[in-house]
Structures are given as structure tokens and as C-alpha cells.
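Student: Now for the letters of each chain:
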Amino acid sequence: MVGRRMATVVVAIALVVGAFFLRRNVIEGGDDEPDATDGPDPAAELVCLTELAAVCRGLGVPDVRIEDAGDTLGRLAEGDSVRLWLTFEPFPAMAPQPLVAGDVLAASELAVATPEEYAAALTARCADRAVWDCAGDLAGEQWEDAPGVVKPSVGDAGSSAAGLASFASAVAGYFGTTEFGSVELQDPSFLAWVRPFIREVPLATLVGGTPLSTMLVRPSAVNVAATSDAEIAAVGAPGEGVDSRYPEPSMWLQAVLAAPAGADIPQDLATDAAAALLAAGWDAPGASQAPLPSPTTMLALRQLWEDVQ
Amino acid sequence: MRLRRPGLVVIIAAALLAAACAGDDDDDASGPDSSDLSDADPGDCVVVDMAVSSEKIALLTELADDFNSSDLAEVGDQCVFVRPRSVASGAAANLIVDGWPNPEVNGEPPVIWSPAASGWAGIVNQRAGQILAPAGTPFMLTPLVIAMPQPMAESLGWPDEPLGFADLATLAENPDGWAAVGHPEWGPFRLGKTNPNYSTSGLNFTVAEYYAATGKRAGLTTEDLARPAAVDFATQIESAVVHYGDITMTFLNNWFAADLRDTALTYASAVAVEEKSVIDYNLGNPDGVLSPGEEPRVPRVPLVAIYPEEGTLFSDSPFIVLDTEWVDADEKAAAALFEEYVQQPENQAKVLEFGFRPNNPAVPLADPIVAANGVDPAQPTTELEVPAPEVLIGILDSWAELRKDARVLLVLDISGSMGDLAGGDKTKLDFAKEAAVSSLDQFKDADEVGLWVFSTDLGGPDPNVLDLVPVAPIGSQRDVLAQQIQNQRPTNGTPLYAVTEQAYETMLEGYDPTKINAIVLLTDGQNDDDEPSDDEDQFAELIQSLQAGSEGSSSQPVRLFTISYGEEADVVTLRAISQATRAATYNASNPATIEQVFTAVISNF
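These protein sequence lines map, in sequence, to chains D and G.
The numbers in our numbering rise by one with no breaks, and the one at position 68 of the first sequence is 68.
The numbers in our numbering rise by one with no breaks, and the one at position 266 of the second sequence is 575.
Calculated from the structure, these hints are not laboratory results.
Don't be surprised by glycine CBs; every beta carbon is placed ideally from N, CA and C.
Any given hint might turn out to be false.
FRET-style restraints, in silico, Cβ to Cβ [unchecked claim]:
#1 L278/D x E413/G: 57 to 67 Å
#2 P96/D x A680/G: 30 to 40 Å
#3 E141/D x A488/G: 53 to 63 Å
#4 R199/D x G408/G: 29 to 39 Å
#5 I702/G x P96/D: 37 to 47 Å
#6 P98/D x D632/G: 28 to 38 Å
#7 S862/G x R199/D: 17 to 27 Å
#8 R199/D x G732/G: 29 to 39 Å
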């Protein structure tokens, strides 16, 4: 009798353990709990660009993943899925399986910031020239009428969406047009210009920061910084000591929500995101806001950046 | 008892008071920091051990304390406990590569490593052949500067003229020293610089030295390091070094002590430090840590920060979450919370209070980074690129060859108490012998090293001391030294004062101005020579003699580095002896730490 009871208990324990095993390894796939540092979180509802982290956190979405565009594109290339992506145009179309972007939620013009004490020197050196074209020529040279060396930075175009956008803006400044493609990017004169431009500010200098935030704490490391109106508004610059100007030709960051083909973009989320962006210093979308180059050109720019790095 | 000479009372009192005021044990070079949280009980929390460079231990301890008691310190349903510990950047780099051995001596292996500068992570990854230290977000900034007493800087044209490494090289090369600029009373140009293998300011200074030698600001290569002009330039600057060492606080404390006696201008002419240290010094707190009851004292001669015109490097205090086998996912998640916490504007404001530049642009530069404290918030204007890891390692290798030669006498206590068991079946002397032998490899062949042992009734011509190996180039006698150290056995008493005086006089007789002249004295006890009645006289005379030989423009400094070994060592007396020669004392109260301490001591050469 005792033996049968014991056998029953053993079987019951085995069933309970088996149920846990089944749930953990079969139904849930056997993975450890996901965490912020241990690979992708498949349950994340919304993936946001690092540049939009503050807006994203305010949307009230329970599962949010914030990462650089380069990381998201890398995950998508490895077959991961993204349910919704708050990003810039044309990044959704740069994925191997392009995502479909909704309407532009808000826009912000790309800009160039310098410490005030360098502004006059930059103007003097770059009169009548596109600012990025000129800054690229001067990269690494001594400033005239200002201390130190010309240190331009667009950020990390290999991983950051704003970095790649600003790199596109700088290259457009060199060519004097937004109409350039992979053929122009092979031009030897252009390559001679772009290499010192890319290499003057090592990426290690920018770890954890943007060109603007780095410039504000360390102008000896970056003193011609790519930025946007929205970032300037977010950090409270230009205020004391910072000058900003718009490079020619003009380009705008355009924030969008994107989803896999066939999936819906929740309208209420799009409305909330647009409102949050406007509150954060972004502009309402408009017809005259020149977009970034095509997905193909952006991918070519990214490849060029990584090759030169 | 009565002293024969009333003046001796004053000398003894002053020496002991100065030694005591120089800080408690925690201020000794390489000593543990008791103000940290490293011994606190974390309960059942997820523990985030941190290894942080010494200059920010006070700040991070305060931040960790606040964080641990806040609602933010939670991962899932578990609390988080951040536990910072002070570990020199170079020492931590070595420990990480070695798998962080001996936690009982080195502390628990860290989850977060915050060296003074990101360059150390490159060195770790290069040496390990894998990424153990991924890029970390900078926490705060402070540039490398050349600290110089204001009158000296002014004599070189500061603040109107830009100054840099070329000026240092010129002064170092000139046999007239400061007389060349009209100040013979300041003697030769003397440079204080830490050992680049251990200290970030030493590493950054050496990197900047090579950049200045090549005229580059970026892209330094291993080929550049081998160029004869670069080697000559670096050798010239290194020739002016007073001694090296593992922490800048040694120089700053010595400078401050010299300032008290109005001899600051002849102790050192310039010291490579971080900007924050200039602020601390001028505010009367040279090591940046105010011990309980310690009152800041504004120095007679303030320092000014020279931002080298050739460019400089920043210490950026990265928060590196290590990718090692001892760090798990919960610890990484907990570490991320603390990292986010320290970047918040209110906490970045604390960074500023401690004299560092915040990394958050929302916190603008303000007091104490102001001209009144000897620094310039608008500087530096030229920044140097951190070289590639393989170049950094090349710089360390190159420096090991061209650094200033040393002439060192090792003086080891072999008194009876050294036979006490100190762990397992090993005696204190066993541990000391192992550490001393192992330290011999840190000397380069051209360094001259000798060995004395001391006790009482040793039976030789001098009953207190045996001159076992005369001071001579170690390249030809490394094995002899090792063998003689190994042969030692515990004997009798501890004639500390007599032997110290004797060793000092001997080294002074053979003084070589082209070398770092020094004595390393290890003892586990107090003066015990069977004649206690004259101890005070002996001590006072010793201090007087050491001070007289170490001060003044024409002094021939023989630095006396002391190691207080075991619980019974006379820490205050040994500190006074070291301080009298503007050297440093090291605390190895736990015999298990003696190897670590020996390494730190030999880093002075």
C-alpha cells in the first residue's frame, strides 16, 4: 500500500516536472528570459531609433526596444522580425525585406553646429562654399583666428541613422547636389576628400554621444558637429556659446512608423508619436522638406563609410 | 625619560605629526580604501562589483551609496547593490587579462570596470586577443595637464606664451636648469611622472611625448616609435624624472608637504597630472580625499595647469561592462541601471563638484573649473588621438627601455618576527622573499640594484647589516640577487634607525645624477636595537639628515621608499622616513598582498 502511494507521488512529481519541461522547452522554445543585453527581444512591440529614445519612452508602449539603426538593420538581415519601427525615411526600405513606412510623422532639418568662438573662423574660411564641402577640406588643419584644429564629425554613419543622414548631407555638400549615386562615390577626387573627413574624428571619441553632445563637452575633439534642429532643441543649444547653420543642399530627417508588408500601423500610435515629436522640437511635415537620398544611395554611403573606417 | 637636546622633541613631534597628517593608512600608495563600500553586506541583492581608478573612488562611492538606497536599484524583483573598489587602471588591466586571480587580495572580480581612460580597454583586448572590455560610455572627463608652480610657469612666459613638451625637453637638456631662465635657486628641472604601465596620466603623458616628438596629432605608428629623433626626444624628457610610481598622489602629497616647508620649488618643477588634481591641490586637498578631521590648507605656491601646445589627451572614465566569464546577464542588467543613473544631470553635477568635467552637456562647466583654481575651462584646444592598441603596447615596450635608469638598494628586514607564520605554513619572510625575487624582473638590465639584509648580531664586521650584493647593473647579477634573497632566514632584532641612516649615507656617497637613486626598505617591526634609551635621538637625527639631503636646489635626492609589512610595523615612523626624502610609504599589513605592494614600489623605477 505504502509502495503504491510512493509510486503515485513519484509519478505526480514526474508529471509536474514534465509539464514544466514541456512548457519551457517546447511551448516557449527553451530560451532563457530575454533581457536588454542578451540578444534580441522578440516580444518588443516597438523598436525605436536611439535618436528617438526620449519620444519613444513617452508613448506608453509596454515593450520597447531602443537601438541604433545599424543594429536593427543587422537583426533584420539575420532574419529577426520587427513589429513596428519608429525610424527615419528611407531606413525601412534599406532592410533586406523592406518594411513599409507610414506617413511622415514629423521632420527636422539637418544642421551644423560650432562653438561660438569658431563660428566666425568657419564663416571666414568657408565664405561662399557649402559648409560640409569646406569643412572636409579643412579637416585636420589649424583654424585661423581660432585655437586648435578643425575637427568635423557627422557621427557614426555605420550604426547611427542620424550619422548616416548627416554623412549623406556632407557628401551632398561636396557634390553640390542631392542627386548623386554609387558611381559618383567612386570618384577619386571625392575619395581623396572623404577619407580625411571620415578619419579626423575617431569613433572612439563619440562613444555614447553624438557629435553635438561631444562638442559641447569637448570642443577640442569635435568643433564642427552634424546635428538637427530637433537635437539642438533637445539639448537647449544654440544657447550660450553655440552657433548653428544649415548646410547646402538642405536635407531633412523624416520620422516614420514602419511595419512589415501587410501589417497595420496603429493609427493611435502614429498620432501619439507625431504629437510627441512636435512637442520635442520637431516640425510638422511639409512638402518643401527635402528628403534623404534613396535607400540604394544610403546603403552605398554606409558601405563607403565602413570601407574607409 | 629626558632628551639630551630639547630641539629633538620638536623634530620628532614635527616628523610624526607631518606623517600622521599626511593621511591615514588609506592614503598610502596602493593601500586599500576603507571609505569604500567593498566590505559592506549586500544582502541578497544582485551585486555589481566595480573596479574604479583611484581618483574617482570617493565620487563613485557616494553615487553608489545613493543609488543602492534608491528605488532605481532593482532588477526584476531583486535589489541591486553596487560595490566600487579602487584599483589602479594598469593593475586592473593586468588582472582582467589574467582572469582576475586571488579575489581575497585583489577584491571580487568586477562587473563594471571604470579605468581613468578608454585606452586601457584597448590594451586589455589586445593582450587578451579577444574583446573582454567592450567600448564603454564615458562618465566624465579630465584632460592631462602639466602642473607647474605658478612662479616657474610665469618665468617661462605663462600665461601669454603657449608651453608644451618642447619646452620641457629644452629645460631637461639644459645643464644649467632653471638658471637658464634666471632662477638658479630652483636648481635643475625636475619632472614628476607616473609609470605608464600602471597610471593613466603616466600613459597619456608618454603617448603625448611621442606625438610631440613626431609632430603628429593622430595616426601614431609603431614605426614612429622607433625613429631616432623620437627616441632622443622622449629620452631627454624622461631624463628629468624625479622618480616614477603608480599614482600621482605621491607627487602631489610630497609637493604639498614641501610647500609647507616652503621648499616646493626644489622638490619638482612639473608633474604630469589630470586637471582635476591641480584644482584639488590649489584648494588645499592634494590627494582629493579629505580624511575625517582634515582641514584643507591653501598652498603657499599655487600650481597652474599647462595644456601642452602640441596637444593632450583626455581621461574619459568609461563605464565598461566586462564581457568575461564571471559576469552574468543579471549583473549586466544591474550594471546598465547604475550607468544610466550616473549620467543623470543631477549626478553629473556631482562630477563637477569633484573637479571633473561632466560628460552630460546639460551640465555646463562652472566652478571649480575656473581660472582661480589654476585651470582654464576653454582649454585644451588641441586633442591627440588615442593610438591603436598595438601602438599603445609598443609605447609601453619602448618606454621600458628608454626610461630613466635606476640605482636601487634593497634593504630587507630579517629579524626574528619575520619568522611568524603568515598564511598556511609560510612565514612572513617566505612571502617577502617570493615577492622580492619576483620584483627583480621589473628592473631593466641597465638598472643598478644591490641587496642588504638587517637584524642584530649578524656576526659580520657590522653586526646590524650584511651587504650581500653590492649595487651594480642587475643584468649581470639578477640570479645572484635572487639566490641571496632566497637564502635568508629570520634572526634577531630590528636596528631600523641605524641601518636606514647607514643605507642612506651609502647611497648618497655613490649618488649618480643620471639615475633615480633610491632605497627600498622593508620591515615588519619597530626600531629594536637593544638600546631603547636613545631611540628618539636616533630617529630625530635620521629625519634631520634625510630632510637636509633631500631639500634645496643642489640636493642629491636619494628617495627612501618604505614598506610597512605585517600588522606590527611602525607605519607612522616609516611614513615619516619616506616623507623626509619625498618618497612614498607602502602598506602591506596583510602579508598576502606583499607581491602586489612590491610591484607598486618597483613601479617607481
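Student: Next step is simple, just say for each hint if it's right about the structure.
Tutor: Hints versus structure:
Range check, L278/D to E413/G: about 58 Å between beta-carbon atoms, so the 57 to 67 Å window is met. P96/D and A680/G have their C-beta atoms about 56 Å apart, which leaves the hinted 30 to 40 Å range violated. Between E141/D and A488/G the beta carbon distance is about 39 Å. The supplied range of 53 to 63 Å is therefore violated. Distance hint check: the CB atoms of R199/D and G408/G are about 35 Å apart, consistent with the given range 29 to 39 Å.
Under the hint 37 to 47 Å, the C-beta atoms of I702/G and P96/D, about 40 Å apart, fit the expected range. For P98/D paired with D632/G, a C-beta distance near 33 Å keeps the hint of 28 to 38 Å intact. Separation of S862/G from R199/D is about 48 Å and departs from the stated range, judged on CB atoms against 17 to 27 Å. For the pair R199/D and G732/G, the beta carbons lie near 53 Å from each other, so the given range of 29 to 39 Å is not met.
This entry does not satisfy hints 2, 3, 7, 8, going by the numbered hints stated previously.
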